[in-house]
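**Student:** Chain residues, written in single-letter form:
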Amino acid sequence: MTIAAPSPSGIAALVDDNLAPRGIFAVIFSFLRRQPVGAIGITLVLIFGLAGVFANWLAPYNPTSNDFSAMTEAPSWAHWLGTDQLGRDLFSRILFGARTAFIVGLTAAFVGGVTGLVLGVGSAYFGGPVDLWLQRVLDIVMAFPLIIMALVVVSIFGTGLQNVILAITIPLIPRCARVVRSSALAIREVPYVDAARALGFGHIRIILRHMVPNVMGPFLVIITAFVGQAILAEAALSYLGLGVQEPVPAWGLMLQGGAEEYATTAPWIAVFPGLAIMLTVFGINLFGDSLRDELDPKLRDR
Amino acid sequence: MYRYIIKRVLLVFPTLIGAATLVFIMMRLIPGDICLVRLGGGGTSFTAQALATCHAEIGINRPWVLQFLDFMWGLARLDLGNSMWSGKPVVMEIATRFPISLEIAIAATLISIAVAIPLGTISALKQNTWIDLAVRTFSIAGLATPSFWLGIMAILIVLDVTQAISGNPWMPPIDYVPLWQDPIRNLSIVMLPALTIGYRYAAVSMRMTRSAMLEVLREDYIRTARAKGLVRKLIINRHALKNAMLPVVTVIGIEFAFLMGGLVVTEQVFNINGVGRLMVLSVQNQDYTLTQALVMFVVTIVVMCNLVVDLLYAWLDPRIRLA
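Top to bottom, those sequences are chains S and G.
Numbering follows this note's numbering, with no gaps: position 288 of the first sequence is 288.
If you want this note's numbering, it's the position in the second sequence, counting the first as 1, plus 302.
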C-alpha cells in the first residue's frame with residue numbers, strides 16, 4: 001500500500017488518518033489483535049473459503065460420482081463424514097458446496113451492495129423528487145416477498161447459478177440503499193460538500209470523491225452481513241428446489257430429499273451440510289460484528 | 303402531528319399500487335400460462351381450440367391493459383376474484399390456510415419476546431462478562447442457523463427421544479385443528495415450527511435489546527436515578543427497559559411482517575399446509591389471481607407493520623413528528 005498523497009479529499013480517506021499510512025498487513029494485524037472475536041470469525045471464513053477454492057485438490061472423491069456399494073455409510077476413515085443415499089462422499093460434497101456458497105454469497109453481496117451504494121448516495125445527494133421516487137421504488141421491492149421474487153425469477157429465466165444470484169441480489173439492493181442513504185444525508189450537509197459544489201465540481205466527482213468514501217464504514221459492515229444472508233438465502237432456495245440444481249454440489253441441495261428421508265437411519269446426511277452453513281455464516285457474522293465495533297468509535301468499548 | 307400522520311398514511315398507497323403493478327407484470331413475464339399447465343399437465347395433448355376456450359373462460363386472452371385495470375378496480379373494491387386454478391374465491395383459499403400460518407407466526411413472536419428481552423437485558427447489564435459472551439454467541443449462532451435445517455434437526459431429536467422413551471417414534475400430526483377444539487393436538491403441530499423460527503427471531507431482537515439497553519444505561523437520567531439512591535431493580539425496569547423498548551418493538555414489528563413471507567421454507571420442512579406453501583403452488587400453477595392476491599396480502603401486512611412502527615415512533619419521539 002502506498003502512502004496517500006495529501007489532497008483535499010485526504011480528509012475523506014477510507015480509514016482513519018492514523019491507519020492510512022501503514023501497510024495493509026499492519027492494519028490487518030492490529031485489527032485482529034484488538035478484535036480477537038473477529039479473528040475467530042475470519043479464521044472460520046478462511047477455512048471454508050479456502051476449502052472451496054482448493055476443493056479440486058482437497059476432496060478425496062469426486063463429489064458427483066455415485067458409489068452404489070457404499071450408500072448411506074456412517075462416517076469412517078474411508079469417508080470422513082459418511083456417504084449419502086447415492087454413495088457420494090459427504091466430505092467432498094461439502095468442500096465443493098463451499099465453493100458454490102461463496103460464489104453466490106460474494107457475488108450477490110458485492111453486486112447488491114454496490115448497486116445499493118450508488119442508489120443510496122445518489123438519492124441522498126440529489127434529494128427532492130429523485131429521492132422521493134427512488135425511495136418509493138425501494139419500498140416496493142423491500143415489501144415484496146423474497147420467495148415470490150425468487151420463484152418468479154426462476155420461472156422466467158430457469159434455475160441455475162446466475163439466476164439464483166440474481167434472485168438473491170435484488171432484495172439486497174434496497175436494504176443497502178436505505179442504510180447508505182441515511183449516512184449520506186448527514187454528509188450532504190457537511191461544509192466540504194458545499195465547498196466542492198461552489199468550486200463547480202460535477203455531480204459524479206462530488207459523489208465519488210467526497211460522499212462515497214465517507215459512507216464506507218456502514219457500507220462495509222452491511223455488505224459483510226449480506227454475504228452471510230446470501231449464503232443462507234441460497235441454501236433455502238436450493239432446499240426448496242428453486243436454486244442450484246443437481247448435480248452441482250450445494251449445501252442447501254444436500255439437505256433436500258435424502259437428508260429428510262434418511263434422517264433417522266443416516267443422520268449424518270442432514271447434520272453435516274447444515275453445520276457447514278452454520279459455521280460459515282457464524283464466522284462471517286463474528287467478523288462483521290468486530291468490523292462494526294472497529295469502524296464505529298462509539299461502540300469500540302462495548 | 304396530524305400533518306405527519308396524513309403524510310405517512312398517504313405514502314402507503316404508492317407502495318401498494320407499485321407492488322400490485324410489479325406482481326402483475328412479473329407473473330405475465332413467466333413463459334406459458336395456467337391453461338397450458340392445466341391442459342398439458344400429465345403430458346396429454348390438447349387442441350388449439352381447447353386452449354382458446356380455456357383462455358376465454360379465464361379472461362387472459364384480453365389485452366394486458368384491460369386485465370390490469372380489472373385487477374386494480376378489484377383491489378379498490380377489495381374484490382380479489384376467484385382462483386384460476388380451483389375456481390373458488392381467492393379469499394376463501396387464503397382464509398383456509400391463514401390460521402395455521404398466523405398461529406405459528408404469533409407463537410414464534412411470543413417465544414422470541416420471552417427469550418430475547420430477559421437475555422438481552424442481562425447481557426447488557428453484565429457487559430463483557432462470560433454471561434454476556436454466552437448470550438452473544440447464542441444470538442449470533444441464531445442468525446447463522448438456517449431455520450429449515452434447525453427444523454430437520456428438531457424433528458430428528460424428537461423422533462430419537464420419543465423412540466428412546468416409549469419405544470415408538472412420535473411425529474407431530476399433519477392435519478390442523480384450531481386451538482380451541484383440541485389445544486394439545488394444535489400445540490403439538492405448532493410448537494416445533496414456532497421454536498425453529500422463534501430462535502432466529504429471538505436472536506435479532508436479543509441483539510437489539512442488548513445494544514438499546516447499553517445505550518440507555520449510559521444516559522444521564524440513569525446516573526441521576528442511581529445518584530438519588532433508587533433501588534437497582536426499579537432503575538432497570540422503570541427507567542432503562544422502558545426507554546430501551548422502542549427500537550426493540552420496531553425490530554419485532556418489522557420481523558413479524560417478514561415472517562409471513564419467510565414461512566414458506568418452514569412449512570415445507572414440517573409439511574404444513576399454510577400460506578407459504580400456497581404461494582409456491584400458486585406461482586407454479588401460474589394462477590395469476592391467487593398469486594396477485596397473496597402478494598398484495600403479504601405486502602399489505604408489511605406496509606401496515608411499517609406504518610404502525612413509524613406512527614408509534616412519531617408519537618413517542620417529538621423530534622420526528624416536528625421535523
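Hints were generated in silico from the structure; no laboratory data involved.
Certain hints may be false.
[Claimed, not checked] According to the in silico footprint, chain S covers these stretches of chain G (three or more CB under 8 Å from chain S):
id, stretch
1, 326 to 334
2, 356 to 366
[Claimed, not checked] Selected chain G positions facing chain S (Cβ under 7 Å, derived; list incomplete):
id, residue
3, T431
4, I433
5, I454
6, A456
7, I486
Predicted, not measured: the structure shown is a model, and the values here were computed from it.
Just so you know, even glycine gets a beta-carbon here, dropped at the ideal spot from N, CA and C.
**Student:** Is the shortest C-beta separation between G/I486 and chain S less than 7 Å?
**Tutor:** At about 24 Å, which exceeds the 7 Å cut-off, the nearest Cβ of chain S leaves the hint on G/I486 violated.
**Student:** Is the hint on G/A456 kept, meaning its closest Cβ partner in chain S is under 7 Å away?
**Tutor:** violated, 11 Å
**Student:** Does the closest beta carbon of chain S sit nearer than 7 Å to the beta carbon of G/I433?
**Tutor:** This interface hint is violated because 15 Å lies over the 7 Å limit.
**Student:** Between the stretch 356 to 366 of chain G and chain S, are there enough contacts, at least three residues with CB-CB distance under 8 Å, for the coverage claim to hold?
**Tutor:** Coverage by chain S is violated here, the residue count being 0 at a Cβ distance below 8 Å.
**Student:** Verify this for me: three or more residues of the stretch 326 to 334 of chain G with a beta carbon less than 8 Å from a beta carbon of chain S.
**Tutor:** holds (count 5)
**Student:** So, G/T431 near chain S? Judge it on the closest CB pair being under 7 Å.
**Tutor:** violated, 13 Å
**Student:** Was the hint right that G/I454 lines chain S, CB cutoff 7 Å?
**Tutor:** Where the cut-off is 7 Å and the nearest Cβ of chain S is about 5 Å from G/I454, the hint holds.
In this structure, the earlier hints numbered 2, 3, 4, 6 and 7 are contradicted, and the remaining ones agree with it.
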